[in-house]
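If you want the building blocks of each chain, they are given just below.
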Amino acid sequence: MQAPSPLLTAENLACRRGERLLFRRLSFRLEAGAACHVTGANGAGKTTLIRALAGLTTPYAGEVRREGALGLLDERTGLDPDLPLGRALAFWERVDGCTSPDGAITILGLGPLLEVPVRFLSTGQKKRAALAALLNRAVPIWLLDEPLSGLDTDTIAKVVALIRLHIGGGGIALIASHQPLDVPGMTSFAIEDFAPAPEEDYA
Amino acid sequence: MILALLRRDLAQFFPFTGSGAALPVVFFVAVAMLFPFAVGPDANLLAKTGGGVVWIAALLAAILPLEKLVARDIQLGFFDQLRLRGVAEEAMMAVRLLAHWLSFGPPLLLATFPAAALLKIEGETFSILLLGLLAGTPGLAAIGLMIAALTASLRAGAALSGLLLIPLALPILIFGAGALARQDQVSLGFVGAISLALVALAPFAAGAAIRAAREQ
Chain A
81 MQAPSPLLTA ENLACRRGER LLFRRLSFRL EAGAACHVTG ANGAGKTTLI RALAGLTTPY
141 AGEVRREGAL GLLDERTGLD PDLPLGRALA FWERVDGCTS PDGAITILGL GPLLEVPVRF
201 LSTGQKKRAA LAALLNRAVP IWLLDEPLSG LDTDTIAKVV ALIRLHIGGG GIALIASHQP
261 LDVPGMTSFA IEDFAPAPEE DYA
Chain B
35 MILALLRRDL AQFFPFTGSG AALPVVFFVA VAMLFPFAVG PDANLLAKTG GGVVWIAALL
95 AAILPLEKLV ARDIQLGFFD QLRLRGVAEE AMMAVRLLAH WLSFGPPLLL ATFPAAALLK
155 IEGETFSILL LGLLAGTPGL AAIGLMIAAL TASLRAGAAL SGLLLIPLAL PILIFGAGAL
215 ARQDQVSLGF VGAISLALVA LAPFAAGAAI RAAREQ
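Protein chains in written order, with the working numbering: chain A, 81 to 283; chain B, 35 to 250.
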């Protein structure tokens, strides 16, 4: 049996942070093989959008539909800071039932870091480790929150290649980033376009 | 998956393997050791008041691990990542409760042996003390977990959680220490009942608290 094709849609989505409405009437539909680049200044609501899409928070209004397992990459890696990287990753490999984690570790150049406790890793190294954990989950929908921040140019090229590979294989990727991304066929929107007008009365 | 989670939680909180997690037990024995110095070596007085001291020491020892119990993993995004894998917050908290109790309950019970010797608690009183702690510590762990989850997103959460635990733990303390004074088993039953109710409630309350913390 073939796995049902993944789908991520938002319909009339509105989210608030505290008392402030960040965006409203945001709708999109991403099917298998689609990539979407969300741009916006700091604090415009990219992270809020991603957390609502992931189902971690309830949107103020509107609906999110997800079909297929979902992976999230953000600045919080979920890796134990006290453990050596190898063992911190091994925990998630066990949880995800991943039997061949070495591929992702090699691609992202984490081999020499496996013995280093996670708290000693730099921002970029942590991001690479979180990417390895995401790759090893083998989920169809990727939500990437600033996946390129803190990475060197070599790794940025690798991450872009990985995103291309992922959507080429029928996955979905939604990337929030203010850096340009070179992924063919990728749609993009600026989250500010959905920000409410200053005196707008949104209900 | 639940087993992997339990192993990870245990490794984090267990004495001597986790980061400084032996502290509550050391603290507990230290209180039992200091008490005879403070009130004098009168064996009768010690035997009479010692049980209560052990209970207070146990209560204070239960406060110490609260700081790291939930807040750290919220900041790490650990619970978020589990949620994305379809694990319910209630399940995460049930596992955490078990790990928390295992990391401080049994070591505390073991430490009761030297503590009781220092306080001249013997015979029937000792067995009631031990049974009472066995029945009461799960309840203390449950209260601790709920408070840790509720205060996790507050800046002064750690200090506050200690303060909050004390009044909520009073029923357990009253019946647990009361059983010693009256030498009866009925109070122990009450301690066990309170503990059971708290253990049943805690995963739901703590799970809801974690979800609520995300909405900020």
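Among the hints, a few may not be true.
Stated by the list, open to error - Cut-off 20 Å, straight-line C-alpha distance, at most; resulting in silico cross-link-like pairs (SDA-like, lysine to any residue):
1) B:K102 to A:L163
2) A:K206 to B:Q109
3) B:K102 to A:C116
4) A:K206 to B:I108
5) B:K102 to A:D162
6) A:K238 to A:C116
7) A:K206 to B:D114
8) A:K206 to B:R106
9) B:K102 to A:K238
What the hints assert, rightly or not - Some chain A residues flagged as far from chain B (calculated, every beta-carbon gap over 12 Å):
10) A134
11) G135
12) L136
13) A168
14) I221
15) L223
16) S257
17) D262
18) F274
19) Y282
What the hints contain is simulated information worked out from the structure, not anything from laboratory work.
Yeah, the Cβ is synthetic: ideal placement off N, Cα and C, and Gly gets one too.
Which numbered hints does this structure break? 3, 9, 10, 11, 12, 13, 14 and 15
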